[in-house]
Amino acid sequence: MTFEHVRVVNAPIAASSAAAPAQSQGLRAYIDQNSKRLREQTPDEAHQVATERRVRMQVSRVPMARSASANAVDDSVGPQMIYGADGSVGLLLDEESMVYQVAHKDANGDVGQQCVNGKTEAAKALQSNTDSKHDEVRHDR
Amino acid sequence: MIANHRSIASALSACGAALLLTVASAPTYAAATIIIQNGNAAGVGFNDPTPAAPVGGNTGVTLGQQRLNAFQAAANTWGATLTSTANVTILATFEPLTCTATSAVLGSAGAISVFRDFPGAPFPNTWYSSALANKLVGADLDTSTPEIRARFNSNLGLTGCLTGVPFYLGLDNAHGPAIDLVTVLLHEFGHGFGFQTFTNGTSGAYLAGFPSVYDNYLLDTTVNKLWVNMTNAERATSALNSRRLVWTGANVGAAVPNALALGTPFLSVTTPASVAGQYLVGTASFGPPLATPGVTGEIMPVVDSAGSIGLACTPLSALNAAAVNGKLAVVDRGTCTFNVKAKFAQDAGAIGVIVVDNVAGGPPAGLGGADPTVTIPSVRITLADGTTLKNALRTRSRLHSGVFATLAVDMTTRSGADGAGRPMVFTPNPFQSGSSVSHWDTSATPNLLMEPAINVDLTHTVVPPVDLTFSLLQDEGW
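First to last, the protein sequences are chains S and P. Position 102 (the first sequence) corresponds to 102 in this note's numbering; numbering is contiguous. Position 92 (the second sequence) corresponds to 92 in this note's numbering; numbering is contiguous.
A couple of the hints might just be wrong.
In silico contact screen, one side only, chain S against chain P (beta carbon under 7 Å); selected entries [to be verified]: (1) 1; (2) 5; (3) 6; (4) 7; (5) 8; (6) 34; (7) 35; (8) 80; (9) 83; (10) 86; (11) 91; (12) 100; (13) 105; (14) 107; (15) 113; (16) 126.
Just so you have them, the derived chain S footprint on chain P, three or more residues with Cβ under 8 Å [what the hints assert, rightly or not]: (17) 31-45; (18) 49-62; (19) 448-462.
Example chain P residues on the side facing chain S (calculated, C-beta under 7 Å, incomplete) [what the hints assert, rightly or not]: (20) 119; (21) 123; (22) 433; (23) 434.
By construction, these hints were calculated from the structure, which means they are not laboratory data. This structure is a prediction, so every number in the text was calculated from the model and none was measured. Backbone N, C-alpha and C fix where the C-beta goes; we use that ideal spot for every residue, glycine too.
So here's chain P without its partners, still in its complex pose (with noise of 0.2 Å):
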């Protein structure tokens, strides 16, 4: 199925981040009172009285010292950023969760309530985390219940727990291969302060009947509706439409020009025209990203497996060298990794390598991997395009098919917005609950925090220019 909509992959991720942040700052009038309730007994969590060496700006000398001190600069980022004249209160623990060797839960956090047509709601009927609600109204809604539930994992880099990849509890960035606690903080806290619908994005069903104010800013740009306009089933196939699901609030729409990269990388199939059409694109980590005007070139794929399939782990025969000689060579994903896919390719010639994903779902993801031997683009198309390309290049000849393609950006869109620039946010297929809908597309260059993956180049930022967090909450009220 030919996607019509600009692709987008993180092939600019270089772009200016280091640059904006001497700019990056919380307004000057901000300001919020967050209030950390130690949820762990004498002895553990936070009262681990572990002896440990300050480390990159945490000057806490215990355990637990150094994990209430990165709790505190993750709130404190926020309470600067946020005006309420209500605290937040967040109930907070470090204990053990569930983990193996090789996976953990680090950690989960979230509104412990939402609250509906208080006093000056801006809309009604409509479902606001509480933090929101008591900053709306002014006051404390639910004085015995805090805002936020948040609690992380104790055993975390220990020996069967994601052995030997702990927090680090520095605030300084410097995380290295270690996972970064504040930032992993400000992410989870930002769920809580409402970056999330609670509408069911399987069902389509809303929160115990009413919408989340969340909804009333996701536009789906193919039928051109809001969520809060449309039926069950209508949303839960928006949630399903990758790349075509856009936040429209203002606050947002006005920082994404300075927070988002220009240049949104594509396929552009020319002829013929039953295929013609632009097809969504994940970008590789290898060889030199997309430019303009790009690669063109005819299409002929590999073929050196049963199926039709050609995963070009090997050096290609001289039928496939010879078919993909000057041209953008299609081959399969499987067995060996992309970039030596896209070595033999160019090996034989080719001048661009199309990767088709051998698993269904979407948005295509980026190609990993590393040769800096690799000179030619590549990107990975989804399955569903890779078959639709294969049955155009059916008729094809020895050396020839008809199907004429571009590899190339578009230099008037931002990568991870939409033609209006209206940021998309992640609607993968097939849903993936908890990532899909409440985060930003991962297109987005340069990364963002609230993206599904916590990526490793984010800065301590939740404004713009450098993030777009704090204006999705202005949208919605803060």
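Chain S with its partners taken away, still in its complex shape (with noise of 0.2 Å):
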């Protein structure tokens, strides 16, 4: 099939790989948490790997700035941030700032959906079937 907007690619996996193990502390090897045995590095893992050292030796880290207004800092955000020369100021945003999709099947059968916000919120949304408030078909009672 053809999408006119779209390409599909596949991740620079390798590319990322071979990039990012100079860490200080050595070579980062990762376990499957199932058979013990070594894996390849996710997409995800190398995305972080290359993010760290490209923030480390091309941008300059600092701490997250505080504004000079009334409002205070979120602090429980823990994202970095990047300044760019042109001024422009970029916030690489972490897993808690994902948006994620929770399904929930009732006793009928039904399934309500909700969004909720980051991974720690979700576990605790799979945990709850109380939560369909927003499911407009739902046969609660």
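Hints in hand, dock the two standalone chains.
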């Protein structure tokens, strides 16, 4: 099938891996939690390592800036800031910034869905069958 | 507590989405290239070689190829709608995600990075998703990092992972009881393009001290302040101000009259003055929809349980039946389904049913259930509003309360918008992380793509007159 506005490429795992392992602590290895054997680096891990390296070597890395405004900084976020030469400021977000879509099936077989922020909230939502407040067809009681 | 704001619900959900589809299209000049970066290793995820029969216009013959085709279809819709000279890269994988037999993480997505104070930024000191920042700059601000991360559950539907409810991989939206992957992707990509605030809704604190571009368009109609003009405490309060936080962007405002149906269901108490006002309601999926001029009558409670509770899960006693005959019956949520309560009240002669929630929070959700023999209207109100009404009912006689109300539809406002035609964003109380603020309110009718729950009647459309997602992104600078 062809899609006019889309291109598909393979994630540069090998390239990222090649650039990534030169950590000051030495090579980085990954263990499969089930088999306990060495496994390949995932794209996310490759991306994380590459980002760490790039942030460390190519851009200035500073603690999150505190605004001069009256508003306090949200210290719960842990991303890294990047300062570009053109004055732009970037912020690499972490997993807790991702939007998770969680689904529940109730006793009637109806499936409700909800969005939650981050892996932590997603885990909580999985355990909760009470939240389908926004499922407009829910047969609750 | 009385809610003076007009209530909204989904009574008119059948309104003209199909007709509107015929004229829905993206701007002809729009174009952006979406690059899907396949992050799966050989043999899994997008590369899963398991044979699969073509389905719903998806001609892939392996599970992996069908997944990739669905991803491309969703990305292509966005690529045909957005305009950018900078490519948007989505790092995507299908992989095992957390699940149980009855629940599952379908997937996750979002911007990998945000930028502020780039050349040409419309608002200074303001965070933009990297895809939007790149579009506004006309170049990739960070060529080494994709703009969006998306991962979806490769085990969905298998035994032990929302068993029996897989992703539907067809492209024609004929998903039946399965979960339509293209719709989920359109929704999640929408967040990645900028349909979200990065501000903490619980504390009200900006991300790293700066607002999101999204915050510039959020107006709290109680205090008449934009989020960017509030203190942290004010924003935290505003995030809980149900159906009082609206989007003020011009593109969305222009699209609302065609996207949202006229008609806002409400409960209006007229006397006594101490409790008079309009209350938020959730409407029922059974019985007749609320109408104009609606049903007006005296309110009387059912009392059949300890603590002045009226469950109405069995035929009403003679005393209760006499009390609600010809009146609007107040019953409590719990023990049996809503349509059962409505039917017993109807059998006793009630002309309408007001179900009081049994847990705190708002806005009131709808009333699910089905019973074609129910012929009177029913609504749900919050526990807090129910307590207010019950207090007013304490001085009643056996047959009269002196409390009068109307269940009707206000045809001057649109379902999901305020009186000024501004769509409401989702602000339930208590706060729902990930859902609150960064979605449209659930009262929008017809349903919109960016409501917190993905409704089964959605189409694969992101533009007006069917949907408001692209309009909101346009307001932000797309």
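Interface hint compliance - residue 5 of chain S to chain P, C-beta minimum distance less than 7 Å | Holds, about 3 Å.
Verify the interface restraint on residue 107 of chain S: the C-beta must sit less than 7 Å from at least one C-beta of chain P.
-> 9 Å, violated
Report holds or violated for the interface hint on residue 126 of chain S, using the least CB-CB distance to chain P and a cut-off of 7 Å.
-> With a minimum Cβ separation of about 5 Å from chain P (threshold 7 Å), the hint on residue 126 of chain S holds.
Taking the least C-beta to C-beta distance, is residue 105 of chain S closer than 7 Å to chain P?
-> OK, holds: residue 105 of chain S within 7 Å of chain P, min 5 Å.
Restraint check, 7 Å cut-off on beta carbons, for residue 434 of chain P near chain S | 4 Å, holds
Are residue 1 of chain S and chain P close enough, Cβ to Cβ, to be under 7 Å, as the hint says?
-> For residue 1 of chain S, the interface hint holds, since the closest Cβ of chain P sits about 5 Å away, which is under 7 Å.
Given residue 80 of chain S as an interface hint, is the shortest Cβ-Cβ distance to chain P below 7 Å?
-> 9 Å, violated
Should the hint that residue 100 of chain S touches chain P count as held when the rule is a Cβ pair under 7 Å?
-> Holds. Min distance 4 Å.
Chain S covers the segment 31-45 of chain P, three or more CB atoms within 8 Å, holds or violated = holds (count 10)
Hinted contact residue 8 of chain S with chain P - closest CB pair below 7 Å = OK, holds: residue 8 of chain S within 7 Å of chain P, min 5 Å.
At a threshold of 7 Å, is the proposed contact between residue 119 of chain P and chain S supported by beta-carbon distances?
-> 6 Å, holds
Hint validity - residue 113 of chain S Cβ closer than 7 Å to any chain P Cβ = 5 Å, holds
Against the hints set out earlier in the document, violations occur for numbers 6, 7, 8, 9, 14, 21.
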